Amino acid sequence: MEITLQVNGKPRTVDVDPRMSLLDLLRERLGLIGAKKGCDHGQCGACTVLIDGRRALSCLALGVAVDGSEVTTVEGLANGDELHPLQAAFIEHDAFQCGYCTPGQLCSAAGMLGEPGPSAVTEDILVDPDLTPEEIRERMSGNLCRCGAYVNIVSAISEVAR
Amino acid sequence: MKPFDYTRADSAAQAVREYAPGTMYLGGGTNLVDLMRLGVAEPERLVDVSRLPLDTIESVRDRVRVGAAVRNTDLAVDPMIRARYPMLARAVLTGASGQVRNVATVAGNLLQRTRCAYFQDVTRPCNKRRPGSGCPAIAGDHTNLAILGSSEACVATHPSDMAVALAALEAEVHVTGPGGDRIIPMPGLHRLPGEEPERDTVLEPGDLITAVELPPPPAGATVYRKVRERASFAFALVSIAAVLDVGDDGVVAGCRIALGGVAHAPWRAERAEQALIGGPATGEAFLRAAEAELEQARPLPRNAYKVPLTRNLIVSTLEGLAS
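First to last, the sequence lines map onto chains A and B.
Position 28 of the first sequence, counted from 1, bears residue number 28 in the UniProt record's numbering, the numbering being contiguous throughout.
Position 190 of the second sequence, counted from 1, bears residue number 190 in the UniProt record's numbering, the numbering being contiguous throughout.
No wet-lab data here; the hints were simulated from the structure.
Treat the hints loosely; a few may be bogus.
Okay, the calculated beta carbon distance ranges per label pair [said to hold, decoys possible]:
hint: 1; chain 1: B; residue 1: M80; chain 2: A; residue 2: E134; range: 23 to 31 Å
hint: 2; chain 1: A; residue 1: R12; chain 2: B; residue 2: S323; range: 52 to 60 Å
hint: 3; chain 1: A; residue 1: R12; chain 2: B; residue 2: S316; range: 49 to 57 Å
hint: 4; chain 1: B; residue 1: S323; chain 2: A; residue 2: Y150; range: 31 to 39 Å
hint: 5; chain 1: B; residue 1: D10; chain 2: A; residue 2: A78; range: 32 to 40 Å
hint: 6; chain 1: B; residue 1: E295; chain 2: A; residue 2: G53; range: 49 to 57 Å
hint: 7; chain 1: A; residue 1: G31; chain 2: B; residue 2: K2; range: 24 to 32 Å
hint: 8; chain 1: B; residue 1: S133; chain 2: A; residue 2: V14; range: 36 to 44 Å
hint: 9; chain 1: A; residue 1: L126; chain 2: B; residue 2: R298; range: 34 to 42 Å
hint: 10; chain 1: A; residue 1: A78; chain 2: B; residue 2: T7; range: 36 to 44 Å
DSBU-like cross-link-like pairs, simulated, lysine-lysine; straight-line CA separation at most 35 Å [to be verified]:
hint: 11; chain 1: A; residue 1: K10; chain 2: B; residue 2: K2
hint: 12; chain 1: A; residue 1: K37; chain 2: A; residue 2: K10
hint: 13; chain 1: B; residue 1: K2; chain 2: A; residue 2: K37
Bear in mind that the values here come from a model prediction, so they are computed numbers and not experimental data.
Glycine included, every Cβ here is placed at the ideal spot set by N, Cα and C.
Could you put together the complete structure from these sequences and hints?
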């Protein structure tokens, strides 16, 4: 099936088998290897991208089902040579070790910063809370880091959230 | 993954017309795509209903109608839902992760399958996946599985948090299908396994959920609490959606208790509710009510911990609501 996506601002038309995930489409067909295949079951967050501006797991999205969408991958976060504030903060705070989960962490954080409303740890459900470290940890719980760089990931995101 | 055809429906009526044996409806896909990858689900054809115009939350007189394709995130952050049904917003927010909630739909949340490890492993027998093949969970790892309403055929649990809140709120599930339209009051959508564990719900082939309608909020204080093995992004060991209305005289005027993580369906603790209504709102009464409910529990060796866990959760939750 022929589908067209806006990927990092550019229209891309590809002929895909309905079985192909957005993750495989990005990596195998478009050469965008930033999004990582960690678990391929929606449990690790390494494949997180933004679909129409919202963070989502590209391993659980069928390419055909996102036909017509805008997709932003980690490759599309920077503005030319100018890093996205989250990328700069991750470097500044040493928010990674092996780096495998980092593209997913960055895309997830970028999406998360645009998500108002309460989370499971928000005391008053009627309030849109400040992004305290506790709120950030809850909201980023879909992104695992086997190196355990969580402490620095939270500080990096906190800096951008301020 | 087995090959399949894909088509996108423009309306609920068209989706139902497209239905034929071997067809599955695709919502956000956060569970179905994974099950297809695991070989657990093998549809010949997907009819994508995720972009149907069923994505609004509307106030209809004193009720609220939530479209089937509303994303979980949008339900949880909706100002009207947060103000009128905080228990529902809270339940949705405790489920899955931000990425999953952004994509998963309301109908898909209701129709997600059990996370029983044997159901998800096609190399093992499972009566739910392959009727008649047996249930290895009963002699094997049932640590997270059911203590109430299970059968010799199946001890799976329903994984949804949202469905537990909807059971306590007595929401109505609106369905269209080849047999026409109907309304199913929660918790009646999901069924106990009995002899047919392959059937999670009372839906018939081709039925499509179009909306969930919320009746006016019940009187009293409400809460959703979830007990799990880690603080976030985990399914419930046990969860509770509770409503408690205590009069000025200290007597329980109304009580609803729905439990998650303990049965094949969201479990309304009717025995406990009946035991409490008209009586005192005391810790002792809460304990007696919880024990009355759990007398019918049939735990297995590795999930017997859920009986005291559920008892204590009921008691502490009601105590919190009463104070």
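Checked hints:
{"no.": "1", "hint": "B:M80 to A:E134: 23 to 31 Å", "verdict": "holds (26 Å)"}
{"no.": "2", "hint": "A:R12 to B:S323: 52 to 60 Å", "verdict": "holds (58 Å)"}
{"no.": "3", "hint": "A:R12 to B:S316: 49 to 57 Å", "verdict": "holds (54 Å)"}
{"no.": "4", "hint": "B:S323 to A:Y150: 31 to 39 Å", "verdict": "holds (35 Å)"}
{"no.": "5", "hint": "B:D10 to A:A78: 32 to 40 Å", "verdict": "holds (38 Å)"}
{"no.": "6", "hint": "B:E295 to A:G53: 49 to 57 Å", "verdict": "holds (51 Å)"}
{"no.": "7", "hint": "A:G31 to B:K2: 24 to 32 Å", "verdict": "holds (28 Å)"}
{"no.": "8", "hint": "B:S133 to A:V14: 36 to 44 Å", "verdict": "holds (40 Å)"}
{"no.": "9", "hint": "A:L126 to B:R298: 34 to 42 Å", "verdict": "holds (41 Å)"}
{"no.": "10", "hint": "A:A78 to B:T7: 36 to 44 Å", "verdict": "holds (38 Å)"}
{"no.": "11", "hint": "A:K10 to B:K2", "verdict": "holds (31 Å)"}
{"no.": "12", "hint": "A:K37 to A:K10", "verdict": "holds (23 Å)"}
{"no.": "13", "hint": "B:K2 to A:K37", "verdict": "holds (20 Å)"}
The structure shown violates none of the earlier numbered hints.
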